[in-house]
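Student: Given next are the chains, with one letter for each unit.
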Amino acid sequence: MYQVRLWTNRHARAMERLYNIFNPIILRLLRGTSKIFGHSLDKPVTLIEKATKSLFFDCQMCGNCVLSKTGMSCPMNCPKTIRNGPCGGVRANGMCEVKPKMRCVWVDAWEGSAKMKYGDEIKQVQFSVDHRQSGLSSWLKAARDE
Amino acid sequence: MNKVQDIVHPGDSVRILPGHVSHGRFERVLRAGHFAVTTEIAPPDSCDPEEVLKRARVFDGYVDAINATDGSGAHCHMSSLAVCAILTRFGYSPIIQISCRDRNRIAIQGDLLGAAALGVCNALSLTGDDVTAGDHPDAKPVFDLDSVSLLQTLKILRDEKRFLSGRPLESAPDLFLGSTINPFVPPVRNRVDQLAKKIEAGAQYIQSQYCFDIEMLKSFMKRAVDDGLTQNCFILIGVGVLASARTARWLRENVPGVHIPDIIISRLEGAEDQKTEGRNICVELMQQIKEIVGVSGIHVMAYRQEKYVAEVVRKSGVLAGRQPWAFNRLENDLRNK
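Protein chains in written order, with our numbering: chain A, 81 to 226; chain B, 793 to 1129.
Each hint should be verified, as a subset may be incorrect.
Cross-link-like lysine-lysine pairs, in silico, DSS-like; alpha carbons within 27 Å at most [claimed, not checked]: (1) K179/A x K932/B; (2) K130/A x K197/A; (3) K1010/B x K203/A; (4) K203/A x K1107/B; (5) K932/B x K130/A; (6) K181/A x K932/B.
Chain B regions said to be covered by chain A (calculated; three or more residues, Cβ under 8 Å) [as the list claims (entries may be wrong)]: (7) 827 to 834; (8) 983 to 992; (9) 1042 to 1055; (10) 1104 to 1115.
Keep in mind the hints are simulated off the structure, nothing from the lab. For glycine and all other residues, C-beta sits at the position ideal for the given N, C-alpha and C.
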């Protein structure tokens, strides 16, 4: 949902507020359910996370979510999956070098961050993804502090 | 002028000077406070080592280091590691370019240990062009790391003497680490922030994309200097030799990240001899770039124009009388010893 993703990014500040409200609630909820049900609810939780984040961010379920540190623009939508972008090939109109019809996700990331209260977190160096986490829930990972 | 200890004779004990991380000539020139000149070699589509040497010799006496490109433009050529290994055998000071496109973290770490074992002292971390830009668009793009996490990886190998996995190294690769920056494309405002991230990750020098827009460069450098970023990192600015207005247009439209203002193209079009004018533009840019505070050197990229590198460097006067290492100079020095 490219259009929704652009909208979300334009409203990065509002998304950050929602994130700050819902993140602790979701994590507390998941910690509780994990205690009671163990890993038996992992599948539906992962599906819910995937559905929500796919709608708003075109989430690729890398399992290493850093959305709050990348201006609410998912770096896994970059064709080079750069975690500290952008690359040097961005077009003069801010479009992607590889997909000329897509805005550079890292141009959006820096723009989104500028709108956010804690947007400076984009300046932290991110290491590459742990590919073992691909397809797994970032929410469950955070809830269980894995 | 203080003498640069840039000559390493075969048989000399190679030592790392205080405050240096490598025993390489390139780092020595920069740390001695000289204005450095680098260029890049186009690796051949052959397995003939003589071809590599032939391509390097045109730069003799005019450059402090030679970048060996790693499948530039996502085209397949001789590997940068092999080019560097050939060059170090003959005393050249190569910079191994490492792109994240073709290899994962296991392959890259192994290659870098190998490079250091073969006498390479400088590494340049790049994300790399996408496979779709090259002649094998059907290939699988890797991009396991990006240019910043690759710098972190190299720094860990060198400073922590271990692999990313934690497994210790018996000896660490003494590499002078660099990366690239493109201040001329969006998000222009954040390119300085990105530079800061690269320095934090381990970049000790930077080679920029082609600069054809002095005003943009000036504003970028001013912010970099104001943020103190040039204190711990040497910035080398890329310049190009344009063969004609047509080439300039082609570069602008087809090579990702190349920004050439209309004024440069119209100047080329208006010239009687476009080829000479392209070199004049390069010389003028080099002279203007040298005057900008915080700039430590020039990186001349002259694809298919390599034979003119010596000429533009000489005409620009950026070396201020200093003569970088040359194959013949080494032979002469040995003879006079």
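Student: Taking the hints in turn, state whether each one holds.
Tutor: So, going through the hints one by one against the coordinates:
1. Straight-line distance between C-alpha atoms of K179/A and K932/B comes to about 16 Å, which keeps the hinted pair within the 27 Å bound.
2. Annotation: proposed proximity of K130/A to K197/A holds, straight-line Cα distance about 26 Å (limit 27 Å).
3. In summary, the hint linking K1010/B to K203/A is supported, as the alpha carbons are separated by about 23 Å, within the 27 Å threshold.
4. At roughly 41 Å between alpha-carbon atoms, K203/A and K1107/B are farther apart than 27 Å, so this suggested pair is violated.
5. Our distance criterion of 27 Å between C-alpha atoms is met by K932/B and K130/A, whose separation comes to about 25 Å.
6. Restraint check for K181/A and K932/B: satisfied, since their Cα atoms lie roughly 21 Å apart, inside the 27 Å limit.
7. Coverage of a stretch by a chain is defined here by at least three residues with a beta carbon nearer than 8 Å to that chain's beta carbons; for the segment 827 to 834 of chain B and chain A the count is 0, and the condition is violated.
8. Given as covered by chain A, the segment 983 to 992 of chain B passes the check, having 5 residues with a CB less than 8 Å from a CB of that chain where 3 are the minimum.
9. Check on the segment 1042 to 1055 of chain B: 3 of its residues sit with their Cβ under 8 Å from a Cβ of chain A, so the three-residue criterion for coverage holds.
10. With a cut-off of 8 Å between beta carbons, the segment 1104 to 1115 of chain B has 0 residues touching chain A; three or more are needed, and the interface restraint is violated.
Comparing the model with each earlier hint shows violations of hints 4, 7 and 10; every other hint is respected.
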